[in-house]
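There are 2 protein chains.
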Amino acid sequence: MEKNKSISKVVIRRLPKYYRHLEELVKKDVDVISSRELGEKTGFTASKIRQDLNHFGDFGQQGYGYNIQELYKQIKSILGLDKEYKAVIIGAGNLGQAIANYTRFDKLGFEIKCIFDVNPKLIDMKIRDIPIRDIDEINSFLEMEKIHIGIICVPKRNAQDVTKKLIKGNVKAIWNFAPIDILAPSNIIIENVHLNESLARLIYFLNESDD
Amino acid sequence: MEKNKSISKVVIRRLPKYYRHLEELVKKDVDVISSRELGEKTGFTASKIRQDLNHFGDFGQQGYGYNIQELYKQIKSILGLDKEYKAVIIGAGNLGQAIANYTRFDKLGFEIKCIFDVNPKLIDMKIRDIPIRDIDEINSFLEMEKIHIGIICVPKRNAQDVTKKLIKGNVKAIWNFAPIDILAPSNIIIENVHLNESLARLIYFLNESDD
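Top to bottom, those sequences are chains A and B.
All residue numbers for the first sequence refer to our numbering, where the first residue is 1 and numbers rise by one.
All residue numbers for the second sequence refer to our numbering, where the first residue is 1 and numbers rise by one.
Since the hints were derived computationally from the structure, they do not count as laboratory data.
Mixed in with the good hints there might be a few duds.
For chains that are exact copies, the list does not tell them apart, and a pair is met inside one copy or across any two.
[Claimed, not checked] Mimicking BS3-like on lysine-lysine, the simulated pairs with C-alpha atoms at most 27 Å apart in a straight line are:
no., residue 1, residue 2
1, K156, K83
2, K146, K83
3, K113, K156
4, K27, K164
5, K126, K156
6, K156, K86
7, K27, K156
8, K165, K48
9, K73, K165
10, K146, K172
11, K172, K17
12, K156, K107
13, K48, K9
14, K27, K126
15, K76, K121
16, K28, K172
17, K86, K28
18, K86, K76
19, K83, K107
20, K86, K107
21, K165, K41
Whole structure, please, built from the sequences with the hints as guidance.
Here it is in structure tokens:
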């Protein structure tokens, strides 16, 4: 994927949105879409879309629009969604359970192998065939099985400790739902979902619109 | 809040992160922080921070840093987090339950009044004193009680229908967890949490780092 190294992170951050809309169009058997129509769906301007998609080769024909199938396949491959990834969840509370139950992630080539928790009542239970195990077993588990992604669903105070365990177990990417910025070496990939920040933004715009 | 109307959305999107870090510092009884230190915490550059915070008045003294208490209070007020908001959740599945159970949101002045679902097994149950009611009752509920925020935790195919019900019930802001872009009039505030896009980004960077 050397050719894509020069694509800016900003463009990359928009790709999953293109991907999601293209997937919908593929399902609906639509063949071609113009940058204007794709703009209406994604909320980006037509010129930004043309700029973004130009990075990935020549999918569009001036005046005819983009070949949806081709563009979808290419973005899927760029995003690495044509491969398989193994994940573990740490924290079997409501959020951890919600993620374990969310079957739509399966389509992203994403398999959750195990959930870890400290609560003895939860241990040895299963969520959709995914076993819940004692957090004390995580080290030996990660030694036995190659896991790509650790999903942190524990309270804030435990998040950094869990991060250390994951990194020790050779996990390279962390999806963090704890409301703190976890610290990790720069080779570890971290994607944060800070729900409280999202809610604060919503409240700001709500408050502003009331003025 | 007229004076803030000129603040760009980009700056506003960063404020919740400042707020979260300042809250931590207030709890730790720290009095002053430099833009460099705040940069290390937030991941923004010191110059961006100085630029951002200049919008909100004169909290810093050259060479001395920012008065944390003052800055925290001001950003809290700008974000509207010193007010109270009432919300309903639609969808009492795992994600809806996770949000209902998440007590940290209470600190944002955010009260969940009711959860609605279609599943007869869930109706009349409670989550942390929050009742679950039949979705058919949402219209009459919204007529009786002023609700500011609707939280959509239903499957994709039902999200647009739920949006209509909320707007009809005079709800002005929607926190959308369904993996589609819902359509609403421009006066309605929508904040999307697209977990599949977040996961796709994580997978991209993981895949890229393996090359």
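So, going through the hints one by one against the coordinates:
In this homomeric assembly, K156 and K83 come within 27 Å of each other (Cα to Cα) only across copies, at 25 Å, whereas the closest approach inside a single copy is 31 Å. Taking the closest pair of Cα atoms, K146 and K83 come within 27 Å of each other only inside a single copy of the chain (15 Å); across copies the shortest separation is 47 Å, beyond that limit. Taking CA atoms no more than 27 Å apart as the test, K113 paired with K156 passes in both settings, with 23 Å inside one copy and 25 Å between copies. In this assembly of identical chains, the alpha carbons of K27 and K164 lie at most 27 Å apart only when taken from different copies (25 Å versus 41 Å within one copy).
In this assembly of identical chains, the alpha carbons of K126 and K156 lie at most 27 Å apart whether taken from the same copy (24 Å) or from different copies (26 Å). With identical chains, the CA atoms of K156 and K86 are at most 27 Å apart both within one copy (24 Å) and between copies (25 Å). In this assembly of identical chains, K27 and K156 lie within 27 Å of each other by CA distance solely across copies; the values are 14 Å between and 40 Å within a copy. Taking the closest pair of Cα atoms, K165 and K48 never come within 27 Å of each other, the shortest separation being 41 Å inside a single copy and 34 Å across copies.
In the homo-oligomer, the alpha carbons of K73 and K165 never lie at most 27 Å apart, since the shortest distance is 36 Å inside one protomer and 37 Å across protomers. In this homomeric assembly, K146 and K172 come within 27 Å of each other (Cα to Cα) only inside a single copy, at 10 Å, whereas the closest approach across copies is 46 Å. Taking the shortest Cα distances, K172 and K17 sit within 27 Å of each other both inside one copy (24 Å) and across copies (25 Å). In this homomeric assembly, K156 and K107 come within 27 Å of each other (Cα to Cα) only across copies, at 15 Å, whereas the closest approach inside a single copy is 29 Å.
For the homomeric pair K48 and K9, the shortest alpha-carbon distances inside one copy (15 Å) and between copies (18 Å) are both at most 27 Å. In this assembly of identical chains, the alpha carbons of K27 and K126 never lie at most 27 Å apart, being 32 Å within a copy and 38 Å across copies at closest. Within a single copy, K76 and K121 get their C-alpha atoms no closer than 40 Å, and across copies no closer than 39 Å, so neither meets the 27 Å cut-off. Neither within a single protomer nor between protomers do K28 and K172 lie at most 27 Å apart by alpha-carbon distance, with minima of 36 Å and 32 Å respectively.
Neither within a single protomer nor between protomers do K86 and K28 lie at most 27 Å apart by alpha-carbon distance, with minima of 30 Å and 38 Å respectively. Taking the shortest alpha-carbon separations for K86 and K76, only the intra-copy value of 18 Å comes in at or below 27 Å, while the best inter-copy value is 40 Å. Within a single copy, K83 and K107 get their C-alpha atoms as close as 11 Å, which meets the 27 Å cut-off; across copies the closest is 41 Å, which misses it. In the homo-oligomer, the alpha carbons of K86 and K107 lie at most 27 Å apart inside one protomer (13 Å), although the nearest pairing across protomers, at 35 Å, exceeds that limit.
Proximity of K165 to K41 under the C-alpha cut-off of 27 Å is restricted to the inter-copy arrangement: shortest distance 22 Å between copies versus 41 Å within a copy.
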